[in-house]
Amino acid sequence: MKTLRERSKRTKVEMPLTIPTADGKGVAETVMVEVEALKDPVTGDVFLEGEALEQLDKAKARHMGLLLPSEIKGLRLSLGLTQKEISELLKIGEKTYSLWESGRGRPSQSLNQMLKLLWNGRVTVEDLRAGQKAMFDWSGVSVPTCGLECRPVLIQVKEATEIYDERFAFAA
Amino acid sequence: MEVLIPESWKKSVCNVLRTHDTKKGIILRERARRAWQDMFPNAFLYQLFVTLEDTLSQPEVYGSEKKMDEDGIAYAFYFTFEEQKMYAKVLLHPDGKVIIIYSAHRPQKEKL
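Chains A and B, in that order, are what the protein sequence lines are.
Using the numbering used here, the first residue of the first sequence is number 573, and each one after it goes up by one.
Using the numbering used here, the first residue of the second sequence is number 285, and each one after it goes up by one.
Read the hints as simulated data drawn from the structure, not as lab findings.
Note that the structure is a prediction, hence the values are computed from the model and not measured.
By construction, the Cβ of each residue, glycine as well, lies at the ideal position given by its N, Cα and C atoms.
Possibly wrong hints are sitting among the right ones.
Covered by chain A, according to a simulated footprint, are these stretches of chain B (three or more residues, beta-carbon under 8 Å) [what the hints assert, rightly or not]:
id : segment
1  : 316-328
2  : 346-359
Computed list of lysine to aspartate or glutamate pairs in EDC-like fashion (alpha-carbon distance at most 20 Å, straight line) [as the list claims (entries may be wrong)]:
id : chain 1 : residue 1 : chain 2 : residue 2
3  : A       : 574       : B       : 355
4  : A       : 597       : B       : 322
5  : A       : 611       : B       : 353
6  : B       : 308       : B       : 379
7  : A       : 611       : B       : 314
8  : B       : 381       : B       : 353
9  : B       : 350       : A       : 617
10 : B       : 350       : B       : 379
Given these sequences and hints, build the entire structure.
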């Protein structure tokens with residue numbers, strides 16, 4: 573007996589793909605995606621395999637502004653990071669991160685945004701590492717006890733605030 | 285009739301489902317895909333594969349053997365996604381490397 577793959581005709585088919593509403597409960601729109609499918613000459617049933625399934629998930633992810641688990645993994649590998657390292661940079665648990673790669677969890681909107689910035693190269697690993705360092709090194713600051721000695725400390729605090737403001741404005 | 289799904293069948297199907305990132309051995313009937321997306325517009329296909337894998341990785345899964353017009357062994361069984369009870373029908377090819385997912389929808393009958 574011939575298998576489904578052997579007896580079926582490969583044909584290009586337009587598949588309806590539903591894009592969910594922002595709350596994920598309804599359908600915002602339906603888009604048509606052309607994929608290769610197998611058509612069983614006996615039953616007339618249409619089947620999708622490998623690449624077509626990937627194509628449909630990718631199309632949906634692009635419309636929803638998400639990265640697929642395989643893309644998250646690909647991003648990490650392209651950055652040369654281990655799961656532990658990327659989890660630390662994103663300030664999340666390693667287990668949470670591994671759920672994203674295995675498809676058993678999805679990043680929050682803000683973390684998805686961060687991953688997309690990394691994906692697009694608009695944020696680099698160095699940016700994330702820099703963000704992890706202390707904004708201001710307080711170790712050199714002594715706390716004065718009287719009048720005039722307060723001035724240098726106030727200046728340093730002011731500088732630190734300006735640095736913070738600059739970074740905050742950049743991030744926003 | 286519901287029976288305990290054999291470990292060897294579950295293991296082989298899980299091995300194929302585990303490749304969900306490349307989906308080399310997974311064939312999905314279009315009707316099943318539509319039923320899945322109509323039921324869960326927010327969900328991806330890979331989530332169906334991961335959920336089936338997690339279900340079949342459980343120690344005791346009951347199902348009903350189904351006769352299909354295709355070589356291989358098929359079982360129907362229940363699984364849960366987003367707290368919804370769902371019905372699946374999956375065939376494992378004799379080579380153990382390809383599966384066909386015929387169904388993934390809400391149960392339409394009382395029994396498997």
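message: To test your reading of the hints: which numbers does this structure violate?
response: No hint contradicted; all consistent.
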